[in-house]
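Could you slot chain W with the ligand onto chain L? The hints should help.
Residue numbers (numbering that gives the first Met the number 0), protein chains in the order written: chain L, 0 to 413; chain W, 0 to 368.
Careful: at least some of the hints might be erroneous.
[Said to hold, decoys possible] Rough simulated footprint, nothing fancy, chain L against chain W, three-plus residues with beta-carbon under 8 Å:
id, stretch
1, 0-12
2, 306-315
3, 350-364
[Unchecked claim] Straight-line C-alpha distance at most 30 Å; calculated DSSO-like pairs for lysine-lysine:
id, chain 1, residue 1, chain 2, residue 2
4, L, 331, W, 343
5, W, 112, W, 36
6, W, 368, L, 331
7, W, 36, W, 127
8, L, 90, W, 36
[Stated by the list, open to error] Far from chain L by the CB rule (all over 10 Å, computed), these chain W residues:
id, residue
9, 41
10, 141
11, 340
Honestly, the hints are just simulated from the structure, not real lab data.
Quick reminder that beta carbons are idealized off the backbone N, C-alpha and C, glycines included.
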Amino acid sequence: MDFNDTPEEAAFRNEARTWLEANGELRDPDENAMGVLSERYGENYIEQAKAWQKKKADARWACITWPEEYGGRGGNAMQSVIWGQEEARIKTPAPIFSIGLGMAGPTVLAHGTEQQKTQWIPKLVSGEEIWCQLFSEPAAGSDLAGLRTTAVRDGDDWVVNGQKIWTTFAHIADWGVLVLRTDPNVPKHAGLSYFVIDMHAPGIEVRPIVQINRATGFNEVFFNDLRVPDANRLDAVGNGWAVAITTLMNERASIGGGGGQGNLFADLMQLSHELEIDGRPAIEDSAVRQQIADFYVRRKGVEYTGLRSLTALSRGGMPGPEASMAKLVGAKLLQDMGSFGMDIQAQAGAIGVEAALQQGSWQEALLAAPGLRIAGGTDEILRNIIAERVLRLPPETRLDKDVAFRDVPSGPAS
Amino acid sequence: MNFDFSEDQKLLQKTVRDYLEEHSPLAVCRDVLESDKPYAPDLWKGAAELGWLGAVIPEEHGGAGFGHLELCLIAEEVGRALAPIPFSSSVYLASEAVLRAGSETQQQALLPKLASGERIGTLALAEKPGIVSEASVQARFENGALTGTKVPVPDGMAAGLAVVAARTPEGVSLVLADLSADGVKREPVDSFDGARPQATLSFENAPAELLGGAGQGWALAEALLDRAAVLMAFEQLGAAERAFEITKEFTLGRYAFGRPVASFQAIKHRLADIWVAIELARSNAYYGAWALSGDEPELPVAAAGARISATDALELAAVEMVQLHGGVGFTWEYDCHLFYRRAKALGLALGSAREWRDKLVRRLDAQSK
Ligand SMILES: Cc1cc2nc3c(=O)[nH]c(=O)nc-3n(C[C@H](O)[C@H](O)[C@H](O)COP(=O)(O)OP(=O)(O)OC[C@H]3O[C@@H](n4cnc5c(N)ncnc54)[C@H](O)[C@@H]3O)c2cc1C
Numbered sequence: 000m001d002f003n004d005t006p007e008e009a010a011f012r013n014e015a016r017t018w019l020e021a022n023g024e025l026r027d028p029d030e031n032a033m034g035v036l037s038e039r040y041g042e043n044y045i046e047q048a049k050a051w052q053k054k055k056a057d058a059r060w061a062c063i064t065w066p067e068e069y070g071g072r073g074g075n076a077m078q079s080v081i082w083g084q085e086e087a088r089i090k091t092p093a094p095i096f097s098i099g100l101g102m103a104g105p106t107v108l109a110h111g112t113e114q115q116k117t118q119w120i121p122k123l124v125s126g127e128e129i130w131c132q133l134f135s136e137p138a139a140g141s142d143l144a145g146l147r148t149t150a151v152r153d154g155d156d157w158v159v160n161g162q163k164i165w166t167t168f169a170h171i172a173d174w175g176v177l178v179l180r181t182d183p184n185v186p187k188h189a190g191l192s193y194f195v196i197d198m199h200a201p202g203i204e205v206r207p208i209v210q211i212n213r214a215t216g217f218n219e220v221f222f223n224d225l226r227v228p229d230a231n232r233l234d235a236v237g238n239g240w241a242v243a244i245t246t247l248m249n250e251r252a253s254i255g256g257g258g259g260q261g262n263l264f265a266d267l268m269q270l271s272h273e274l275e276i277d278g279r280p281a282i283e284d285s286a287v288r289q290q291i292a293d294f295y296v297r298r299k300g301v302e303y304t305g306l307r308s309l310t311a312l313s314r315g316g317m318p319g320p321e322a323s324m325a326k327l328v329g330a331k332l333l334q335d336m337g338s339f340g341m342d343i344q345a346q347a348g349a350i351g352v353e354a355a356l357q358q359g360s361w362q363e364a365l366l367a368a369p370g371l372r373i374a375g376g377t378d379e380i381l382r383n384i385i386a387e388r389v390l391r392l393p394p395e396t397r398l399d400k401d402v403a404f405r406d407v408p409s410g411p412a413s
Numbered sequence: 000m001n002f003d004f005s006e007d008q009k010l011l012q013k014t015v016r017d018y019l020e021e022h023s024p025l026a027v028c029r030d031v032l033e034s035d036k037p038y039a040p041d042l043w044k045g046a047a048e049l050g051w052l053g054a055v056i057p058e059e060h061g062g063a064g065f066g067h068l069e070l071c072l073i074a075e076e077v078g079r080a081l082a083p084i085p086f087s088s089s090v091y092l093a094s095e096a097v098l099r100a101g102s103e104t105q106q107q108a109l110l111p112k113l114a115s116g117e118r119i120g121t122l123a124l125a126e127k128p129g130i131v132s133e134a135s136v137q138a139r140f141e142n143g144a145l146t147g148t149k150v151p152v153p154d155g156m157a158a159g160l161a162v163v164a165a166r167t168p169e170g171v172s173l174v175l176a177d178l179s180a181d182g183v184k185r186e187p188v189d190s191f192d193g194a195r196p197q198a199t200l201s202f203e204n205a206p207a208e209l210l211g212g213a214g215q216g217w218a219l220a221e222a223l224l225d226r227a228a229v230l231m232a233f234e235q236l237g238a239a240e241r242a243f244e245i246t247k248e249f250t251l252g253r254y255a256f257g258r259p260v261a262s263f264q265a266i267k268h269r270l271a272d273i274w275v276a277i278e279l280a281r282s283n284a285y286y287g288a289w290a291l292s293g294d295e296p297e298l299p300v301a302a303a304g305a306r307i308s309a310t311d312a313l314e315l316a317a318v319e320m321v322q323l324h325g326g327v328g329f330t331w332e333y334d335c336h337l338f339y340r341r342a343k344a345l346g347l348a349l350g351s352a353r354e355w356r357d358k359l360v361r362r363l364d365a366q367s368k
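Only chain L is shown next, with the shape it has when bound in the complex (with noise of 0.2 Å):
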């Protein structure tokens, strides 16, 4: 057992290590951890993160498995594992390509025909493009087939109408991928379309959502009669739900990660120096002392299971469901930690984000967990997919699925 790179890796970090140091600037050690996961981002964030996406293109480090002919650098996992790891040692832009990148880019190539290809990954690879998933609805989040958005056949277009829902970045976005109803006569996987959209396009209207910490990451978007040439179409007619899952896939491995805690760990142990109880510094509380414990070994697995999976991925494997996990660890420990820095504050614990100790970032952990908890698959979904697909238990029952879709039963409309 050891930490080790092989040859071939060291060689390659070195490499990315040279390029990101000559490029960039390096991080903050002290800098407030939740910056990014608060979506605050500052002025100018748009042109700063296109520049560097540019100039990591133009030296061919912006998507390192992609293949060369579309401006990837046509690397492999683990090699693109090691570049993560160095970028992250680098101040980076606002993650505004991370849907395009994450998401929509890899699905594009897996479904895309050449022409798709050619017209699409370049501009999202140089920073010239942004992207957003356009799938949740009103009446379909979890149950994502559930969706009613409806496109319609006329000519060489699809006519679109209906609404999305949580969508980020869909109001600075060039580029959406959604999945559409094509045919709600048929059970309700069977009748989904997967579609590329122009944002700018008429007929599409975005009004932003201010979320529980006031940022507005993310978007309601309705469609009124907008055309959509068929050419935009990713795969067959009807076959929409096989590509989603492509992206779904796709989504859970960028936003497993390690949760996020960034630098709270290191944060609230000198907090809990600082901060007194009973006249000693908290941290000679046997209660903190229990509650800090905790927190490490959870991050801690969550740490080393993204290095078993590592080292499954360096020998050749593939990565498995960890990355589920790590999500499912990784936000709730970000709202129980932020909870807790507030805690051991006590009524000081009470004050905002703009006027706390350490930059609010307690609060601004406990608001923005919440979030995380949510997107991307919820705990519970995440708790079925464990279940089911790893543990193979029995699928929940289910009263929708050799019915047409028109016949689900539903809510109240709201």
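Leaving out everything else, chain W with the ligand in the frame of chain L:
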């Protein structure tokens, strides 16, 4: 990145599992629980013959000369089988103590016998209820004579040799005591997990000899507990995984309301949570194994992390095992209580998770200064 066991190590683990499946079904555990036997002697003999007892003892002292990584995997299988043998006491504690602190003479005299299973060792620290600490050691050792009472001592009836913490003029020291000598009295005490029974050891001017430096005993004991914590974490992990598998199978086969109880979401989610706890424990244990095998400076933190995570996972798996079995889970006849008992007993051996959480954060804190 190489954060996993090697193919050879996994192969060894498989031979251990195969052997235990054949020779240590749960009936063997139950047999010790229901009798006055302190352990299963045939199984002990088998473990010796296969080299498990001397896994980390060098070949020149009669050991198998594997490393700690191999021992971690053997421990996992011993845990999985709920093997009723004094493996942890003799291998993780007594043998480690002699290996780490014994003089050349002590090593020559004892290691071959510990490896062959002819002598069983244990570690005797506790004297009364409450946290065991340097200050709680009241037994005395002077002029070669040991006096005091240790209770509870795991495997105290099975052992022929004890490493005992005692006060000497220089402070707390570890001493080696032959339990068949004059001046030693031992008695079984009723044990929460009767398949891994405890005893009272009373010493009245019993002959003993120093193990390691005088006054170094507590530091040595702490180091031993750290090393044992990693191995114990693997034993706990093995037991947790087995408890989980049995529970899963049971809930798949048990029907209520016309469907397997494993199809109810309340049950599925709990099984998912146990699986997650076990995965976290496994990852923390691997890190402990890495630190133990290379004697890394991270060992004290890694050991505490492994210990806490494994205790959490096994306790959860065992508690839910009883619950998800329903009424039969509460019967003596079903095996759930074997796991329920073992979970608590292993969770308390070496000190409770509560103590390890305290230790962990003190250590992290010391590191950050
Ligand atoms: C910060 C944020 C960003 C997001 N970004 C995007 C985006 O970019 N694009 C996009 O398409 N979507 C996005 N989403 C939407 C997200 O995917 C959905 O909110 C999520 O899938 C849950 O769907 P829902 O909101 O309809 O809740 P529901 O599905 O209505 O869930 C309500 C509750 O019921 C539970 N539940 C539902 N089904 C089951 C079941 N089978 N078993 C047990 N419990 C169940 C849920 O866990 C939840 O607790 C985002 C959400 C958030 C919070």
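Of the numbered hints stated previously, which ones are contradicted by the structure, given in increasing order? Number 8 only.
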